[in-house]
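Visitor: Go by the hints and put chain W onto chain Y.
Those protein sequence lines, which keep their order, are chains Y and W.
Numbering-wise (the numbering used here), the first sequence opens with residue 657 and increments by one.
Numbering-wise (the numbering used here), the second sequence opens with residue 657 and increments by one.
Heads up, a few of these hints could be off.
Note that the list lumps identical chains together, so a pair holds whenever it fits in one copy or between two copies.
[Stated by the list, open to error] Calculated pairs, DMTMM-like style, for lysine to aspartate or glutamate (alpha carbon to alpha carbon, straight line, at most 25 angstroms):
{"#": "1", "residue 1": "K1140", "residue 2": "E1101"}
{"#": "2", "residue 1": "K759", "residue 2": "E782"}
{"#": "3", "residue 1": "K979", "residue 2": "E853"}
{"#": "4", "residue 1": "K776", "residue 2": "E922"}
{"#": "5", "residue 1": "K979", "residue 2": "E1157"}
{"#": "6", "residue 1": "K803", "residue 2": "E748"}
{"#": "7", "residue 1": "K729", "residue 2": "D988"}
{"#": "8", "residue 1": "K776", "residue 2": "E825"}
{"#": "9", "residue 1": "K1056", "residue 2": "D957"}
Rather than coming from a laboratory, the hints here were simulated on the basis of the structure.
2 protein chains.
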Amino acid sequence: MSGNEKQKGAPQGGAAKTAITPTREENYSEWYQQVVRAGDLAENSPVRGCMVIKPWGYAIWENVQRVLDGMFKATGHRNAYFPLFIPLSFLEKEAQHVDGFAKECAVVTHHRLKAGPDGKLVPDGELEEPLIVRPTSETIIGATFAKWVQSYRDLPLLINQWANVVRWEMRTRLFLRTAEFLWQEGHTAHATREEAEEETMRMLGVYADFAENWMAMPVLQGRKTEGERFPGAEETYCIEAMMQDRKALQAGTSHFLGQNFSKASEIQFLDADGQQKYAWTTSWGVSTRLIGAMIMTHSDDDGLCVPPRLAPTHVVILPVAHKPETAQQVLDHCRKLAEDLRAQQFAGRPIEVEVDARDLRGGDKMWQWVKKGVPVRIEVGPRDIEQGSVFVGRRDRGTKDKQSMPRDEFVRGAAALLQEIQDGMLAKARAFRDAHTRTIDTTAEFEAFFTPTRTGDENASPEIHGGFALAHFCGDAAVEAEVKDRLGVTIRCIPLEASSETGKCVITGRPSTGRVVWAKSY
Amino acid sequence: MSGNEKQKGAPQGGAAKTAITPTREENYSEWYQQVVRAGDLAENSPVRGCMVIKPWGYAIWENVQRVLDGMFKATGHRNAYFPLFIPLSFLEKEAQHVDGFAKECAVVTHHRLKAGPDGKLVPDGELEEPLIVRPTSETIIGATFAKWVQSYRDLPLLINQWANVVRWEMRTRLFLRTAEFLWQEGHTAHATREEAEEETMRMLGVYADFAENWMAMPVLQGRKTEGERFPGAEETYCIEAMMQDRKALQAGTSHFLGQNFSKASEIQFLDADGQQKYAWTTSWGVSTRLIGAMIMTHSDDDGLCVPPRLAPTHVVILPVAHKPETAQQVLDHCRKLAEDLRAQQFAGRPIEVEVDARDLRGGDKMWQWVKKGVPVRIEVGPRDIEQGSVFVGRRDRGTKDKQSMPRDEFVRGAAALLQEIQDGMLAKARAFRDAHTRTIDTTAEFEAFFTPTRTGDENASPEIHGGFALAHFCGDAAVEAEVKDRLGVTIRCIPLEASSETGKCVITGRPSTGRVVWAKSY
Chain Y
657 MSGNEKQKGA PQGGAAKTAI TPTREENYSE WYQQVVRAGD LAENSPVRGC
707 MVIKPWGYAI WENVQRVLDG MFKATGHRNA YFPLFIPLSF LEKEAQHVDG
757 FAKECAVVTH HRLKAGPDGK LVPDGELEEP LIVRPTSETI IGATFAKWVQ
807 SYRDLPLLIN QWANVVRWEM RTRLFLRTAE FLWQEGHTAH ATREEAEEET
857 MRMLGVYADF AENWMAMPVL QGRKTEGERF PGAEETYCIE AMMQDRKALQ
907 AGTSHFLGQN FSKASEIQFL DADGQQKYAW TTSWGVSTRL IGAMIMTHSD
957 DDGLCVPPRL APTHVVILPV AHKPETAQQV LDHCRKLAED LRAQQFAGRP
1007 IEVEVDARDL RGGDKMWQWV KKGVPVRIEV GPRDIEQGSV FVGRRDRGTK
1057 DKQSMPRDEF VRGAAALLQE IQDGMLAKAR AFRDAHTRTI DTTAEFEAFF
1107 TPTRTGDENA SPEIHGGFAL AHFCGDAAVE AEVKDRLGVT IRCIPLEASS
1157 ETGKCVITGR PSTGRVVWAK SY
Chain W
657 MSGNEKQKGA PQGGAAKTAI TPTREENYSE WYQQVVRAGD LAENSPVRGC
707 MVIKPWGYAI WENVQRVLDG MFKATGHRNA YFPLFIPLSF LEKEAQHVDG
757 FAKECAVVTH HRLKAGPDGK LVPDGELEEP LIVRPTSETI IGATFAKWVQ
807 SYRDLPLLIN QWANVVRWEM RTRLFLRTAE FLWQEGHTAH ATREEAEEET
857 MRMLGVYADF AENWMAMPVL QGRKTEGERF PGAEETYCIE AMMQDRKALQ
907 AGTSHFLGQN FSKASEIQFL DADGQQKYAW TTSWGVSTRL IGAMIMTHSD
957 DDGLCVPPRL APTHVVILPV AHKPETAQQV LDHCRKLAED LRAQQFAGRP
1007 IEVEVDARDL RGGDKMWQWV KKGVPVRIEV GPRDIEQGSV FVGRRDRGTK
1057 DKQSMPRDEF VRGAAALLQE IQDGMLAKAR AFRDAHTRTI DTTAEFEAFF
1107 TPTRTGDENA SPEIHGGFAL AHFCGDAAVE AEVKDRLGVT IRCIPLEASS
1157 ETGKCVITGR PSTGRVVWAK SY
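Chain Y extracted, bound-state conformation (with noise of 0.2 angstroms):
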């Protein structure tokens, strides 16, 4: 038994084993669902494509729901809620929108159930216009607006919702891409074209804060590409992170809608000048993607590592104590200790703590909770007690690198050093992403680029290679799409921040007013 529980979770062997298997370089996908299933986060349900999130995942959601509400409303933001449902003439209203969500949308048809001819159960009551289970709600929130808004009084119409959506996904991959998924969508209307591309841009700038001060998760914001704009949309903006295995992923986008929708669903208004006009409406939206980006950043081979800010649990601490008769004694001492740290406040909130009581093995534990990506872990024993220290190791340092320090030392200093960790998270991965952006100005480097070789220190693993290419476009469509077909890579976004450097396309050797980042992408 006790040679079993030895195995359970701790790496095996030497120091250079490591707690998920496989490592990133041996299988950087399979790695990213081992850290997914050892830090308890979400697992595939019996329903094809969708999740379960465990609590601990959940409770990261909630962490990310609670921060954004918070900016949402801050900025001018109610929250609202709306039908899961939306008739199937509402999504035809928009031509590209329902173009964009035909192929992968859940379809009710009927409202009950009766017994069939061989007793079991068929659908029944088939409904006379079929009900789509909404995977955005442009629609639907378009034809309440419409009743809301009357007069220019009535804008800026500020509203957000969090709610569950659904897009049949074909490959799904735990909070990557799920049938079922759960975000928010904001939905605005605006008396002109100003404030509504203002609205677009505000709330772009709240997810890249979010995403670098909040997850530790650095940026790109930028424009997107016709071929890759939300369907009905003006514009598509977005923020693109840097995974680990060196894909782009879009962890947020804010949709300038233009007049479409507003004509598509009559959202009119009586302005001041005293005319009839179409409003001008926005869309924005982050999804539980951000915790696979949130992995997908900060996770290493032992597992997951929570940015502190949005850590369930920013302390857990272990009472060590080998003979029963010092039991109670240190956990009473460590209660203490966990109550003093609540008492401190850390981004916003009390420092949340946990006191591991359980009758495991310690290095089980341990373990455990390294999966699991705790930011701090404590240890104390009867001779921490009598010295007054704790003896204290960092998510974002080896497991052996453990100091002892001053109880009370640390219990000042907590809030100060879940910032310091939360700061070189974000530091590490900014350096990691810079490392791997390159300037590209030829074909023939841009391809090579984005081609895994086996050879070399730096491609060990075929899936971990290339990065972001910062390389001119001619800004022909067709040219996007060949280079998408043969080597898998799109452009990400236009850059907010571009300079105004003309050039000539790396792939067409026409002219380009801007360089533009390509990447392959989750």
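Guide: Quick look at chain W alone, frame taken from chain Y:
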């Protein structure tokens, strides 16, 4: 224009007129719809039976969520998220359960759309097995619990989910009965019957605590008769409130599921004694129906009245400046007052204050806030500033019953005032319920109690009559069904605090072991 504005929202004519037409006495059902409309809480959507929850209504729901979520976590529960869809075969695993929901469920049969012969889109990609949009999640969560529970060490498993659910109701009413609604569903698994029963009662107690101390809504706690049980449950417990038309409203339920669902889903564990056993499970839920209960418990003929502890805005400040030259001074003064109020805590959060500086007639503004049910309204004009006073109106008193008081005294006492209003609302609701609860011992009195009459003050509206009848019942389900058919009266619950008084069934005269609560109900 000004004549038009004068009418908007303000009661017309003398003191007897009200902001809501019709009044409760005139037409209770229609009064309810008008309170919801005037309070800007929710509206019907273009999707059959589904509602749009508007920002003010959703903000109240957010407060409900925040408080309940804290109570769930304080009792050891963690949130998670499970799929929206349930495979038909899962629903069929528990025979009573599927019978209970088969007649009212949304069925997904296809996963994409294609152009039909006439160019119109039609469902395509038929699913091998239809999916049901969850009406409740016992079966899908049960399948997951079966994986999570292996040993007695995995128990108790205490999970909650915040989610949307769909029950295809034919007759819907905003908040009270809608095809889609928002709720929380707790699902727990335990090693013993006793522990599961204890959990069932604990969560019933949490609901009763929330109803009384946060919603200011007194509730009876009790057990359901067999006919009113949740499909598949061994016992269903509930909290029942009395609305102002004296009908009962079931505001929350807590189910002891025995081993029915653990057997259907194979939730088994290896107990400490080495035996393989089925777990004992519970489930419990409250929904957006609570908002409907809150409306009908507290609103009056001027509209909504939100209990201060759940109010999105506690105090609204109305600057009164008739001359342009004083407007800025008054506004500045109001903003400073708002700041000082926000520095005070009430019910675990800062006092929420809104300064309504909109360019609208003062009377119209005031009536909007009355109809939204904000607990306290403050008017501040140049003379009040001079005198260092504020003009205070309370939603629980008449709109003309306003009081001038020193500004600083008001600020210091604001939290106490809010609690006083809260306490008053609970006391009033309790007095109303008690006044319409009657101990009944004869069939004649029972029938008269539940028969609307048009004579006498007490029964001015045929809709408003009856109440809670405490009467003996022989326990025969057929009798219960007959009374339901004939009088529209059901047994709301067998109260937990039932005396052990024996007697004779009010309908059959057969022996009874205790009084039960009969009422018409929502």
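Visitor: Against each hint, give a clear statement of whether it holds in the structure.
Guide: Results of checking the hints against the structure:
1. For a Cα distance limit of 25 angstroms, the shortest separation of K1140 from E1101 inside one copy, 16 angstroms, qualifies, whereas the shortest one across copies, 81 angstroms, does not.
2. Taking the closest pair of Cα atoms, K759 and E782 come within 25 angstroms of each other both inside a single copy (22 angstroms) and across two copies (12 angstroms).
3. In this assembly of identical chains, K979 and E853 lie within 25 angstroms of each other by CA distance neither inside one copy nor across copies; the values are 66 angstroms within and 37 angstroms between.
4. In this assembly of identical chains, K776 and E922 lie within 25 angstroms of each other by CA distance solely across copies; the values are 22 angstroms between and 45 angstroms within a copy.
5. For the homomeric pair K979 and E1157, neither the shortest alpha-carbon distance inside one copy (70 angstroms) nor that between copies (57 angstroms) is at most 25 angstroms.
6. In this homomeric assembly, K803 and E748 come within 25 angstroms of each other (Cα to Cα) only inside a single copy, at 19 angstroms, whereas the closest approach across copies is 42 angstroms.
7. Proximity of K729 to D988 under the C-alpha cut-off of 25 angstroms is restricted to the inter-copy arrangement: shortest distance 23 angstroms between copies versus 41 angstroms within a copy.
8. Within a single copy, K776 and E825 get their C-alpha atoms only as close as 29 angstroms, which misses the 25 angstroms cut-off; across copies the closest is 23 angstroms, which meets it.
9. Only within a single protomer do K1056 and D957 lie at most 25 angstroms apart by alpha-carbon distance; the minimum there is 15 angstroms, versus 70 angstroms between protomers.
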